[in-house]
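> Position chain A against the provided structure of chain C, taking the given hints into account.
Number of protein chains: 2
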Amino acid sequence: MNKYIFGVDIGGTATKLGAFSLDGQLLCKWEIPTDTGGGGGRIMPNIAREIVRYAGDTRSVAAAGVGVPGPVRRDGYVRRCVNLGWGNFNPARDLSAHLEGVPVFAGNDANVAAMGEYWKGGGRGARSLVFVTLGTGVGGGIVIDGHMVYGSTGLGGEIGHIVVNPQETVPCNCGQYGCLDQTASATGVVRHAQRILAASDAPSALRAMENFTARDVFDAAKDGDAPAYEAVDTCMGYLGRALAMLTHILDPDVYIIGGGVSKAGTFLTDIVRRHYERYAVLSEQKAQVALATLGSDAGIYGAAKLALDAVR
Amino acid sequence: MNKYIFGVDIGGTATKLGAFSLDGQLLCKWEIPTDTGGGGGRIMPNIAREIVRYAGDTRSVAAAGVGVPGPVRRDGYVRRCVNLGWGNFNPARDLSAHLEGVPVFAGNDANVAAMGEYWKGGGRGARSLVFVTLGTGVGGGIVIDGHMVYGSTGLGGEIGHIVVNPQETVPCNCGQYGCLDQTASATGVVRHAQRILAASDAPSALRAMENFTARDVFDAAKDGDAPAYEAVDTCMGYLGRALAMLTHILDPDVYIIGGGVSKAGTFLTDIVRRHYERYAVLSEQKAQVALATLGSDAGIYGAAKLALDAVR
Numbered sequence: 130m131n132k133y134i135f136g137v138d139i140g141g142t143a144t145k146l147g148a149f150s151l152d153g154q155l156l157c158k159w160e161i162p163t164d165t166g167g168g169g170g171r172i173m174p175n176i177a178r179e180i181v182r183y184a185g186d187t188r189s190v191a192a193a194g195v196g197v198p199g200p201v202r203r204d205g206y207v208r209r210c211v212n213l214g215w216g217n218f219n220p221a222r223d224l225s226a227h228l229e230g231v232p233v234f235a236g237n238d239a240n241v242a243a244m245g246e247y248w249k250g251g252g253r254g255a256r257s258l259v260f261v262t263l264g265t266g267v268g269g270g271i272v273i274d275g276h277m278v279y280g281s282t283g284l285g286g287e288i289g290h291i292v293v294n295p296q297e298t299v300p301c302n303c304g305q306y307g308c309l310d311q312t313a314s315a316t317g318v319v320r321h322a323q324r325i326l327a328a329s330d331a332p333s334a335l336r337a338m339e340n341f342t343a344r345d346v347f348d349a350a351k352d353g354d355a356p357a358y359e360a361v362d363t364c365m366g367y368l369g370r371a372l373a374m375l376t377h378i379l380d381p382d383v384y385i386i387g388g389g390v391s392k393a394g395t396f397l398t399d400i401v402r403r404h405y406e407r408y409a410v411l412s413e414q415k416a417q418v419a420l421a422t423l424g425s426d427a428g429i430y431g432a433a434k435l436a437l438d439a440v441r
Numbered sequence: 130m131n132k133y134i135f136g137v138d139i140g141g142t143a144t145k146l147g148a149f150s151l152d153g154q155l156l157c158k159w160e161i162p163t164d165t166g167g168g169g170g171r172i173m174p175n176i177a178r179e180i181v182r183y184a185g186d187t188r189s190v191a192a193a194g195v196g197v198p199g200p201v202r203r204d205g206y207v208r209r210c211v212n213l214g215w216g217n218f219n220p221a222r223d224l225s226a227h228l229e230g231v232p233v234f235a236g237n238d239a240n241v242a243a244m245g246e247y248w249k250g251g252g253r254g255a256r257s258l259v260f261v262t263l264g265t266g267v268g269g270g271i272v273i274d275g276h277m278v279y280g281s282t283g284l285g286g287e288i289g290h291i292v293v294n295p296q297e298t299v300p301c302n303c304g305q306y307g308c309l310d311q312t313a314s315a316t317g318v319v320r321h322a323q324r325i326l327a328a329s330d331a332p333s334a335l336r337a338m339e340n341f342t343a344r345d346v347f348d349a350a351k352d353g354d355a356p357a358y359e360a361v362d363t364c365m366g367y368l369g370r371a372l373a374m375l376t377h378i379l380d381p382d383v384y385i386i387g388g389g390v391s392k393a394g395t396f397l398t399d400i401v402r403r404h405y406e407r408y409a410v411l412s413e414q415k416a417q418v419a420l421a422t423l424g425s426d427a428g429i430y431g432a433a434k435l436a437l438d439a440v441r
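Protein sequence lines, in the order shown, are assigned to chains C and A. Here the working numbering is used: the first residue of the first sequence is 130, the next is one more, and so on. Here the working numbering is used: the first residue of the second sequence is 130, the next is one more, and so on.
Treat each hint with caution, since some may be false.
[To be verified] Label pairs and their calculated CB-CB ranges:
#	chain 1	residue 1	chain 2	residue 2	range
1	A	Ala331	C	Gln296	20 to 28 angstroms
2	C	Gly153	A	Arg324	52 to 60 angstroms
3	C	Tyr306	A	Asp438	40 to 48 angstroms
[Said to hold, decoys possible] Mimicking EDC-like on lysine to aspartate or glutamate, the simulated pairs with C-alpha atoms at most 20 angstroms apart in a straight line are:
#	chain 1	residue 1	chain 2	residue 2
4	A	Lys392	A	Asp352
5	A	Lys415	C	Asp204
6	C	Lys249	C	Asp382
7	C	Lys415	A	Asp204
8	A	Lys158	A	Asp186
Please keep in mind that the hints were generated in silico from the structure rather than gathered at the bench. Note that the Cβ used here is the ideal one computed from N, Cα and C, for glycine as well.
Next up, chain C with everything else stripped away, as it sits in the complex (with noise of 0.2 angstroms):
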């Protein structure tokens, strides 16, 4: 009889689901919308539906893991999940009484994402990773020597709230001042070009738009534009910043660089890689700063490669 594993990504809008073998391939991969109604009581009776629909039977499913929008502990529990309605709720121990019994493994999106990318993404290869996705806000995950870092109350890995500039005088969403997630999110890109252009008279393409975006900002800062190319190095300045602390704290292989700002590129890693560098200084052989490889499919690998690991 087959067995299958299964990884699962669940978003406020989407659930992704992939079906791999036991020895890791991934053989099938499809999405359903996210029913976030009913308190998120359908969300895991839904997942476990078309699990069960691949497999055939719950005794052709080997394990299951699956990533969360927000804090999750190793146990699976679920303080929170706003996006999902979620509250005092452990999904993996639900889904796995879904499935009779089958072992279920949660972990925060972005930690899972993590995983995936070590697994079978830019990541492969590295012994530790430091993942970040670099969207509306900046998320992260954290590999060490191939086990995901959880966190104590599964905060793990939140690394947009690392503090890199303590003068920036609008808070950040979290109270604090000058988090990552306010500079080299995709919001902070914008609000840092806008800052650059309002301070000067500078001649830039960015003026003639009525709103422009991250990508306009980095498109318009690879064709030579100055005050947009100077947001970038700032942002990704920054962000170059928390990677040399990050290795003076945890020295990892390799920087991960995701999300929907990515796609700038290398010329974002670069960008990016010339600030690391120059401060790390306690390192002699520094990580590289390579780009994510998987896209939006690495919370389903990582997902799976959660429950493969717990189960071998």
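Showing chain A alone in chain C's frame:
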């Protein structure tokens, strides 16, 4: 036949040794001078001689662990250790050769001390901890799920070089500005007190002292001396902020504060905790901030634990 585990902590002037039973009891501890002559080549033969003298023969030695004052890779390799005269040297392999093949494991001294506090000290019962040693400088070590974080090149736990005050105008000896090392160390406390005294005419007992120490500053602060208290609050405030960052990165169960400055006791940890709790904004259940309990024995305990974990 009795079998022993040895924990060794090599310092620039003295080397501490501890003989442990296989069930982890410290049976005997003693100290020898560190003979750094001959390019550091006599250090390991001297340690081997001490171990054999206690154990009777190498067959009675199950394993040994060694703490080294510098970065150590997981395989024991040391690229450079200025204090001991070593370069491109593997002290673990060397000691093993001098002990007829007994397994030997090495780690950075502060990392090893973290492991000691985790095993038998202030972090007993925790799954994960960050150990901070406040002395002339600021060092540290990280234990996650019982494993010491070496880092890819042996830099793991160098938290003294987290930048907490980028506005600092005096460079750190690492070349950066505003490292934790410059603020929360004994040197940092004295410098901040000098600055605060120079900036006002406020009365202070410190003004009558020619060369006051960090201990003098803490003692005056405990007695209600306002400038002294401001210096302590500023410096320990930076430490609290650094711990908040570490909570957003690693989310440990507990922070353990050791080193000479920590003799200021709960007066110090209360101040650190207040700042830490203010800045660890994402954390709903704050980590403990506790004092180290093993003092200068932390290294031999941690080194023995490295060896025990490897042979068990």
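> Confirm or reject each hint.
Each hint tested on the structure:
The beta-carbon spacing between Ala331 of chain A and Gln296 of chain C, approximately 27 angstroms, falls within the hinted interval of 20 to 28 angstroms. For the pair Gly153 of chain C and Arg324 of chain A, the beta carbons lie near 58 angstroms from each other, so the given range of 52 to 60 angstroms is met. Between Tyr306 of chain C and Asp438 of chain A the CB atoms are about 42 angstroms apart, so this pair conforms to the stated range of 40 to 48 angstroms. Restraint check: the Cα-Cα separation between Lys392 of chain A and Asp352 of chain A comes to about 16 angstroms, which is no more than 20 angstroms; the hinted pair holds.
For the proposed pair Lys415 of chain A and Asp204 of chain C, the alpha carbon gap of about 19 angstroms is at most 20 angstroms, so the pair holds. About 16 angstroms separates the Cα atoms of Lys249 of chain C and Asp382 of chain C, which keeps this hinted pair within 20 angstroms; it holds. At roughly 19 angstroms between alpha-carbon atoms, Lys415 of chain C and Asp204 of chain A fall within 20 angstroms of each other, so this suggested pair holds. Of the supplied pair hints, the one linking Lys158 of chain A and Asp186 of chain A holds, its CA atoms being roughly 18 angstroms apart against a limit of 20 angstroms.
Checked against the numbered hints given earlier, the structure satisfies every one of them.
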